[in-house]
Each structure stands twice: as C-alpha cells, then as structure tokens.
Amino acid sequence: MAPLQEMDVTAEALVVILHGVGGRGAHLAALADMIGAGLPGLAFALPDAPARYDWDDTGRQWFSVAEITAENRPERLVAARASFDRVLDRAITEQGFAGRLNRVALVGFSQGAIMALDAVMGGRWPVAGLACLSGRCVLPGPVLAPATPVMLSHGLEDPVIPAADAVRAADHLAGLGKPVDLHLWTGLGHWFDARVAEVTAGFLRRTLTPAPQS
1 MAPLQEMDVT
11 AEALVVILHG
21 VGGRGAHLAA
31 LADMIGAGLP
41 GLAFALPDAP
51 ARYDWDDTGR
61 QWFSVAEITA
71 ENRPERLVAA
81 RASFDRVLDR
91 AITEQGFAGR
101 LNRVALVGFS
111 QGAIMALDAV
121 MGGRWPVAGL
131 ACLSGRCVLP
141 GPVLAPATPV
151 MLSHGLEDPV
161 IPAADAVRAA
171 DHLAGLGKPV
181 DLHLWTGLGH
191 WFDARVAEVT
201 AGFLRRTLTP
211 APQS
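Numbering (UniProt numbering), first residue to last: 1 to 214.
The set of hints was computed from the structure by calculation and includes no laboratory data.
Every residue, glycine too, gets a C-beta built ideally from N, C-alpha and C.
No incorrect hints appear here.
Label pairs and their calculated CB-CB ranges:
hint : residue 1 : residue 2 : range
1    : Gly38     : Arg100    : 20 to 28 Å
2    : Gly96     : Pro159    : 38 to 46 Å
3    : Asp33     : His190    : 16 to 24 Å
4    : Gly141    : Glu198    : 26 to 34 Å
5    : Val199    : Val160    : 14 to 22 Å
6    : Ser64     : Asp89     : 19 to 27 Å
Whenever a hint applies, use it, and build me the whole structure from the sequences.
Below, the structure is given as structure tokens:
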C-alpha cells in the first residue's frame, strides 16, 4: 500500500478520497487540488485499495470485477467490507482524526464511491458527509447513518456506470428521508471535471463547517 500523506497538524477537517477500480489514490491528486484550492484547513488522504487489479500489476481494486455481474456484485462488495474498513481506519487514524468522524468526509469515485456509499448506508462510517462521483448503490437497504448528507455526481455520457444508476440511488435515499443532492452533467463521461470539483467543494464546505455556537 502506498504511504498516505503526512499528517497536517493544523488541519480542521479531513477528506478521504477513494479511487476507482484499476486506479491508485495518487491518480486523484488533481481532484484533491481542485477541491482544496478554495477550502483552506482541509487535510486530504488518498489511500490505495488493498487488492491488486485483475489486469494490471500497477493498479488496485476494492473488489474484483473479473466476470462480474449484477447478480454477483453484491456478494463481492460484502466480502470487501472488512478490508475497506481497515484502509479507511488507517487513513483516518494516521491523519489524526480517529474518534472525530464529525470532521471527516469521504469522496468516492466509481468503485470507491460504491464502497463508501455502502459503508455510510450501513452505519459503519457515520462521517460528516459523502460525495459519490460516478458510482452506484449496489445494496439498497435501510440507512443506518441517517445524519450523513450524501451528494451524487454523474456524467450523462458515462459508458461505464449509467447515470440512471445515480438517479436510482438518489431516489432510494430520498425515499428513506436521507439528505441527498444529485448533479447530472452533460458532456461528461466516467470521470470528473471543474464543474464536479466545484459542487464537491461546495458540498464539503457545507458539511465540514462547524455549526455556530449559540
């Protein structure tokens, strides 16, 4: 596993960015830079997924997508929960935010978004906020972390995960009374751009800004 960024002892909040299948945390450094440009006081962690990518020794994955289907995807996600939790716990602890999940937000891309949404919905990680970029909800069910707001962002030209999956996830969350924002983008495929970074930064600003003292 690649080393995480050094601890920023002055940081007021932590954003953990979780990469997609075949990627590495460092591949999303540009996203961290775009988000952090207007948000001083944030620390970023970009951990690598624990498993080697099926088709490339340089990439990582949260779970295998070899011969994956809609039917076997849920069981692979469930099997990956423990290793995902270990990576996330290490990232948060090494940045000095253990026990302070109210000052932590997750930003997941693709498979990283799938894992993060499952972790929040299942109540394992009741963080301050979750931004899912180009992801989907694999296991719809009850939300056990009802206070965590969720933002979904998806390109309408995504050839990997259809934007309709984000719409279904938003409808499911809203139907359960979950705070959710949905952003759909024309001219965008399975990635992010300046528009995505801007709305993600705004979401993080809202979720990580401490409430005023009365």
